[in-house]
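Okay, so the sequence shown: first residue is 1 according to the numbering used here, each after it adds one.
Straight-line C-alpha distance at most 35 Å; calculated DSBU-like pairs for lysine-lysine:
{"hint": "1", "residue 1": "Lys25", "residue 2": "Lys153"}
{"hint": "2", "residue 1": "Lys54", "residue 2": "Lys25"}
{"hint": "3", "residue 1": "Lys153", "residue 2": "Lys54"}
Estimated spans, in silico, between C-beta atoms of each pair:
{"hint": "4", "residue 1": "Val143", "residue 2": "Thr15", "range": "18 to 28 Å"}
{"hint": "5", "residue 1": "Asn124", "residue 2": "Glu93", "range": "16 to 26 Å"}
{"hint": "6", "residue 1": "Asp122", "residue 2": "Thr18", "range": "20 to 30 Å"}
To be clear, the hints were calculated from the coordinates, so they are not data collected in a lab.
Ideal Cβ placement from N, Cα and C applies to all residues, glycine included.
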Amino acid sequence: MNLLQEFVHDIPLTTPLTWEHPPLKWEPLPNGGMRVHVPAEVDYFRSPTGALVKDDAPYLWRYVSGDFVARAHVRPAHTNTYDAGALMVRHDERNWAKICYESTDFGTRAAVSVVTRDVSDDANGADLELPDLWLQICRVGDVFGMHYAPDGKSWRMVRLFHLAAPRTIQVGLVAQCPIGSGTTVDFLHFSIEQRTVQDLRAGA
1 MNLLQEFVHD IPLTTPLTWE HPPLKWEPLP NGGMRVHVPA EVDYFRSPTG ALVKDDAPYL
61 WRYVSGDFVA RAHVRPAHTN TYDAGALMVR HDERNWAKIC YESTDFGTRA AVSVVTRDVS
121 DDANGADLEL PDLWLQICRV GDVFGMHYAP DGKSWRMVRL FHLAAPRTIQ VGLVAQCPIG
181 SGTTVDFLHF SIEQRTVQDL RAGA
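Please build the complete structure, drawing on both the sequences and the hints.
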């Protein structure tokens with residue numbers, strides 16, 4: 001089993017991890033997880049105005065079928081505005097959603113969500129001046145819940161939404177740097193559990 005496969009905390013790992021748009025480099029961290037070196041001006045976003053379409057950020061994903069709970073513990077360097085570590089679900093380039101721990105254009109750090117159905121929306125959540133953050137996406141049928149937690153336990157809902165998607169979709173990690181000259185993102189944990197939560201709003 002290679003280092004990327006060992007990084008995913010689910011049993012069994014039924015499909016391999018794949019880089020879409022590989023980073024400049026990635027390296028294991030001493031206490032687990034990995035650091036991703038992100039190139040300049042990369043993102044996933046389809047502007048509501050049609051002025052910008054970006055589909056080129058480093059994205060490490062695997063296929064997941066049916067209901068699931070995906071979690072990531074992210075520590076972005078926050079070098080530039082909009083830099084983020086994110087958790088993303090994706091059907092294709094026009095149908096996807098991500099929850100990010102992002103450096104906002106208001107000079108804060110926040111849990112930011114984007115849902116894309118041909119075009120993307122963009123919603124800033126709570127400001128969180130923390131060095132790292134846990135992110136979660138749960139799926140039940142075609143309904144998804146997004147959550148964050150400072151401690152990986154006390155989940156707070158960011159978003160509940162519908163996304164028409166096949167039973168099997170991509171689930172993975174995004175490291176973005178939309179307008180800067182590059183950054184790093186540490187992913188300290190990534191897990192996927194194939195189970196159905198009882199309360200999508202609570203994420204449990």
